[in-house]
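Participant: In case you want the letters, here they are:
2 protein chains.
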Amino acid sequence: MDVTDLIIDVEAHDIRFPTSRHLDGSDAMNPEPDYSAAYVIVRTSGGQEGHGLAFTVGRGNEIEVAAIRSLAPMVTGLPVDDVLGDLGGVSRRLIGDSQIRWLGPEKGVIHMAAGAVLNALWDLRARRAGKPLWLLLAELSPEELADVVDFRYIEDALTREEAVALLKRAEPGRAERIAHLKAHGYPAYTTTPGWLGYTDDKLVRLAKEAVADGFTQIKLKVGADLGDDVRRMRLAREAVGPDVRIAVDANQAWSVGQAVSWMEPLAEFEPYWIEEPTSPDDVLGHAAIRERVAPIKVATGEHTHNRVMFKQFLQAGGLDILQLDATRVAGVNENIAILLLAAKFGVPVCPHAGGVGLCEMVQHLAMFDYVAVSGSMEDRVIEYVDHLHEHFTDPVRIRNGRYLAPELPGAGAEIHPASRAAFAYPDGPEWATPVAEAV
Amino acid sequence: MDVTDLIIDVEAHDIRFPTSRHLDGSDAMNPEPDYSAAYVIVRTSGGQEGHGLAFTVGRGNEIEVAAIRSLAPMVTGLPVDDVLGDLGGVSRRLIGDSQIRWLGPEKGVIHMAAGAVLNALWDLRARRAGKPLWLLLAELSPEELADVVDFRYIEDALTREEAVALLKRAEPGRAERIAHLKAHGYPAYTTTPGWLGYTDDKLVRLAKEAVADGFTQIKLKVGADLGDDVRRMRLAREAVGPDVRIAVDANQAWSVGQAVSWMEPLAEFEPYWIEEPTSPDDVLGHAAIRERVAPIKVATGEHTHNRVMFKQFLQAGGLDILQLDATRVAGVNENIAILLLAAKFGVPVCPHAGGVGLCEMVQHLAMFDYVAVSGSMEDRVIEYVDHLHEHFTDPVRIRNGRYLAPELPGAGAEIHPASRAAFAYPDGPEWATPVAEAV
Chain F
1 MDVTDLIIDV EAHDIRFPTS RHLDGSDAMN PEPDYSAAYV IVRTSGGQEG HGLAFTVGRG
61 NEIEVAAIRS LAPMVTGLPV DDVLGDLGGV SRRLIGDSQI RWLGPEKGVI HMAAGAVLNA
121 LWDLRARRAG KPLWLLLAEL SPEELADVVD FRYIEDALTR EEAVALLKRA EPGRAERIAH
181 LKAHGYPAYT TTPGWLGYTD DKLVRLAKEA VADGFTQIKL KVGADLGDDV RRMRLAREAV
241 GPDVRIAVDA NQAWSVGQAV SWMEPLAEFE PYWIEEPTSP DDVLGHAAIR ERVAPIKVAT
301 GEHTHNRVMF KQFLQAGGLD ILQLDATRVA GVNENIAILL LAAKFGVPVC PHAGGVGLCE
361 MVQHLAMFDY VAVSGSMEDR VIEYVDHLHE HFTDPVRIRN GRYLAPELPG AGAEIHPASR
421 AAFAYPDGPE WATPVAEAV
Chain X
440 MDVTDLIIDV EAHDIRFPTS RHLDGSDAMN PEPDYSAAYV IVRTSGGQEG HGLAFTVGRG
500 NEIEVAAIRS LAPMVTGLPV DDVLGDLGGV SRRLIGDSQI RWLGPEKGVI HMAAGAVLNA
560 LWDLRARRAG KPLWLLLAEL SPEELADVVD FRYIEDALTR EEAVALLKRA EPGRAERIAH
620 LKAHGYPAYT TTPGWLGYTD DKLVRLAKEA VADGFTQIKL KVGADLGDDV RRMRLAREAV
680 GPDVRIAVDA NQAWSVGQAV SWMEPLAEFE PYWIEEPTSP DDVLGHAAIR ERVAPIKVAT
740 GEHTHNRVMF KQFLQAGGLD ILQLDATRVA GVNENIAILL LAAKFGVPVC PHAGGVGLCE
800 MVQHLAMFDY VAVSGSMEDR VIEYVDHLHE HFTDPVRIRN GRYLAPELPG AGAEIHPASR
860 AAFAYPDGPE WATPVAEAV
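So the protein sequences, as listed, match chains F and X.
Residue 1 is where the first sequence starts when you use our numbering, and the numbers rise one by one after that.
Residue 440 is where the second sequence starts when you use our numbering, and the numbers rise one by one after that.
Any given hint could be a false lead.
Claimed, not checked - From the structure, some residues in chain F lie toward chain X, with a derived Cβ separation under 10 Å:
id: 1; residue: Arg101
id: 2; residue: Pro105
id: 3; residue: Ser419
Claimed, not checked - Label pairs and their computed distance ranges (CB to CB):
id: 4; chain 1: X; residue 1: Thr598; chain 2: F; residue 2: Asp200; range: 54 to 64 Å
id: 5; chain 1: F; residue 1: Gly241; chain 2: X; residue 2: Asp448; range: 55 to 65 Å
id: 6; chain 1: F; residue 1: Gly346; chain 2: X; residue 2: Ala706; range: 52 to 62 Å
id: 7; chain 1: F; residue 1: Glu291; chain 2: X; residue 2: Ala706; range: 48 to 58 Å
id: 8; chain 1: X; residue 1: Asp667; chain 2: F; residue 2: Pro73; range: 51 to 61 Å
Since the hints were derived computationally from the structure, they do not count as laboratory data.
Note that CB positions come from ideal geometry on N, CA and C, so glycine has one too.
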């Protein structure tokens, strides 16, 4: 008897880590984040699972969970092979539902929910193929890759034909680059020293440790108090010496004019990039800032909500460094579109990571980019933060300031069942202590 | 004994009207909308109520309701006078919560939820003042108006000082304009004839009725099939004659190049504006289209998610007509910012309406704009669609193609309790019939 394998469930779980208790992750706009996951498990009738998540910073994670539950019926009950064999079509259905679309379109809660479901489906596909996601993607043909991308609204900057041609140009070197990745990994930079809530001593100690650990770039949060920023930037520069890059990150704290004037006294410490100087929606504002703070580079992307916005950032010269995020946009599919756009415009992608699971997920995209899209690691680094990796079944491995290439099948988002249970919100044991503050 | 009046509850209700059963509201991207409200009631310990809503088109309304419930604790329990006396501060808290903000920021589900709560608070304030909202706003001082606006991220285009100066310039004529509004109302245009799902006969009949009813502008949905659009546009032009404006609305159906080529064969029928030709996020795309379809005007705004996006549309020349929406952005506060930006750039505002309750709500903003901001009705019209008004306690009144100025206290969003009960989703009696299809 022929039994078709079906998707029998798309579960959504509210998982939160009480990171605000130690000010890990504190910045100018996020003083007390509780790193959280709206966590998706796709289950098949054959007993397989695909895992994905949308990263949030605490309150509101329940809204993201509700959104995932609203999307779940669109794939539940379908044959697994049909879904995994047409992830482009599934993506278009998830982001194009004629009623739910109104709540975006293609932005915010509803778009991140589509991304979480899509990432879980890619995880399932990679597991069934027995490959880590980066390698699965790197071995798809240019046409197969183009099939999963929605070119709607970006055709004025990148057509399907251009995308295929771009991917074909990168095909010859794929095997060597796969071998290189497996041998040497991919460069990282670390944000660990630079959280606003840390003392000067802790900043200096962690900055020195970062250099000793082989990192060639660190990042500092700025934007709350100019005097503090000048002092911390000086300490950091003294700690790491002249040759290590120091990026600074304002997390959207400024208006356009303020961004420019705030960066002036920091310039003597040679910041490499200024990240999120203003509203992530302000393409033209970023372009104006970029013109005025050069040669300091402008970086943004973790809150850039879809490929249409990235297209404009590239068209308008609004960024030097494109920081895609694994869970902000509509999953692997839209991130492939974004990598293609960046390659078309010759802009390096340095993915946003940290949070919970972002390092685990985004490394696959950067490595795929290296093998099959841009073909380059030049001026490219993946963010690294050493929080919460112990909760993942395939945690990132950092050696000498580089991400080692993942080897296990999947996309990296799976959290240990024990951690999922412990940090389930609001009923898990980690939230049942007097310290926990539920709102 | 002195008893402080408190906000004791912020309720959220899921109310849906099964409009898809008759193809009312059908367009190129929304073939079968069920016009819905994520409906807010703010209750005070003194027994007063404020009503607001976020408009959606069916599925996903439950996510919007969840988001409102997540915001509710931020105002529940506070003294009414403190909240209503500092709606600028309340707005900044609602959109700036350091954790929930991650889900936007300032866009989509979470931003619309903030808007629904803020609009309910403005409704409460207007009721307590015994005035319709438009008049309440029109009688605030320039400084009071500036106090409710968040100038963050728009200061490069409009500072608080410029806003106050602009409002002061409009002060002298306020009394005359209030009298004029009360006597003559505000011009409307009608979308009723133009839904894609209607037959040619129905289109022609409704177009002729619109002219007979005094409307000087109608609107047709386009973008699904070019042959159909040419035929329908010809029929409409024949029906209304050469002097009535016909706007067309693609509801985001096209890429940039497609928008330009699709409009070419329609040009002979002299469309007044093309609305939402492409992605609402594509500021630069709209600017490119606008340059190439002139003298046809470009209109957009119903999906423009915040003041930062409107700022860029104005800076980049991405629109000729700004179509703000009562429930897309963060409520009355952010719409005041948008009206101020439009006035600064000299662009007419023609609000988006229709749906459920949008006509009732948005008329207040247009009338306030006329009295206290732009001071003009020239080339300004409020959209009108004759659906679902019977469910409102203060339905719009249209006479000879014009909105009559609302007279009852409040902001217009209150739905009759009987309608709220009948159309409650999924358990209300209107959804308990075999016709209803819940997803």
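Participant: Are the hints correct? Go through all of them and say.
Facilitator: To see whether the hints hold, each was checked on the structure:
no.: 1; hint: Arg101; result: holds, 7 Å
no.: 2; hint: Pro105; result: holds, 6 Å
no.: 3; hint: Ser419; result: violated, 20 Å
no.: 4; hint: X:Thr598 with F:Asp200: 54 to 64 Å; result: violated, 36 Å
no.: 5; hint: F:Gly241 with X:Asp448: 55 to 65 Å; result: holds, 59 Å
no.: 6; hint: F:Gly346 with X:Ala706: 52 to 62 Å; result: violated, 38 Å
no.: 7; hint: F:Glu291 with X:Ala706: 48 to 58 Å; result: violated, 37 Å
no.: 8; hint: X:Asp667 with F:Pro73: 51 to 61 Å; result: violated, 32 Å
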